[in-house]
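So you can see what is in the structure, the chains are spelled out below.
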Amino acid sequence: AQKITQTQPGMFVQEKEAVTLDCTYDTSDPSYGLFWYKQPSSGEMIFLIYQGSYDQQNATEGRYSLNFQKARKSANLVISASQLGDSAMYFCAMRESGANNLFFGTGTRLTVIP
Amino acid sequence: EAGVAQSPRYKIIEKRQSVAFWCNPISGHATLYWYQQILGQGPKLLIQFQNNGVVDDSQLPKDRFSAERLKGVDSTLKIQPAKLEDSAVYLCASSLQTGGLFAEAFFGQGTRLTVV
Numbered sequence: 038a039q040k041i042t043q044t045q046p047g048m049f050v051q052e053k054e055a056v057t058l059d060c061t062y063d064t065s066d067p068s069y070g071l072f073w074y075k076q077p078s079s080g081e082m083i084f085l086i087y088q089g090s091y092d093q094q095n096a097t098e099g100r101y102s103l104n105f106q107k108a109r110k111s112a113n114l115v116i117s118a119s120q121l122g123d124s125a126m127y128f129c130a131m132r133e134s135g136a137n138n139l140f141f142g143t144g145t146r147l148t149v150i151p
Numbered sequence: 002e003a004g005v006a007q008s009p010r011y012k013i014i015e016k017r018q019s020v021a022f023w024c025n026p027i028s029g030h031a032t033l034y035w036y037q038q039i040l041g042q043g044p045k046l047l048i049q050f051q052n053n054g055v056v057d058d059s060q061l062p063k064d065r066f067s068a069e070r071l072k073g074v075d076s077t078l079k080i081q082p083a084k085l086e087d088s089a090v091y092l093c094a095s096s097l098q099t100g101g102l103f104a105e106a107f108f109g110q111g112t113r114l115t116v117v
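Line order of the protein sequences matches chains A and B.
Here my numbering is used: the first residue of the first sequence is 38, the next is one more, and so on.
Here my numbering is used: the first residue of the second sequence is 2, the next is one more, and so on.
Simulated from the structure, these hints should not be mistaken for lab results.
For each residue, glycine too, the CB sits at the ideal point set by N, CA and C.
Watch out, some of these pointers could steer you wrong.
Unchecked claim - Interface residues of chain A toward chain B, partial, derived using beta-carbon atoms under 8 Å:
1. S68
2. S79
3. G80
4. Y101
5. R132
6. F141
7. V149
Said to hold, decoys possible - Anything over 10 Å on all C-beta distances counts as not near chain B; from chain A, calculated:
8. E54
9. T57
10. T61
11. Y69
12. E81
13. M82
14. R100
15. S111
16. A130
17. S134
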């Protein structure tokens, strides 16, 4: 089974609007961390936001927030007030406790329309 | 603070040739990762170092891939001989700590390998 599933290959959003990128995960480990990375066309992966499985509140970092629904095993990224520079690939990833690896999803390509 | 440096940025080789990639992590980062990102997919871990020791190389095709991290700083990843399916972006990343859930990995810009 896939550990991370991103079902939206591509998304479009109007500039200044909010957009939600979906991510579901699969783990039996009670302790895990969830990450979102942005990958612009230049290639590097840029860390955006982190949510721990025991965190009581949803993580927020500026215009980024993570809608964490533990029972549904979902960790959706919400970008508010989209900007043209937000156009990029977005990857959801998970690390389980005791594991070294970050498991990545297949990504969602976000395009912001002026 | 300088980021993770990788070279070359691009490489085109014929199948069965050999190739090497270089990575210089952020100063002071003990953990170094090599990821392979095939077009249309997310990155997949090939190997992880803690200082100059290997922590995880379970996904590394050891018949053709090798990696080393001498003196716990720079690292090289080698492919010999290359196959068509090795065409991908090879990403290097580093982090300060390991063993914790939140160990933010900082990535380089990657090396795009095309095998023809």
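Against the structure, the hints:
1. S68: Holds, because the Cβ-Cβ distance from S68(A) to chain B comes to roughly 7 Å (cut-off 8 Å).
2. S79: 6 Å, holds
3. G80: 4 Å, holds
4. Y101: 14 Å, violated
5. R132: With a closest approach of 6 Å, the R132(A) hint holds.
6. F141: Hint on F141(A): holds, closest Cβ of chain B at ~3 Å, below 8 Å.
7. V149: 21 Å, violated
8. E54: With a cut-off of 10 Å, E54(A) remains clear of chain B, as the shortest Cβ separation is near 26 Å.
9. T57: Its Cβ never comes within 10 Å of chain B, the nearest being 19 Å, so this holds.
10. T61: 14 Å, holds
11. Y69: 7 Å, violated
12. E81: 5 Å, violated
13. M82: 4 Å, violated
14. R100: Its Cβ never comes within 10 Å of chain B, the nearest being 19 Å, so this holds.
15. S111: 17 Å, holds
16. A130: Violated, because the least Cβ-Cβ distance between A130(A) and chain B comes to about 7 Å, which does not exceed 10 Å.
17. S134: Violated: least Cβ distance 6 Å, not greater than 10 Å.
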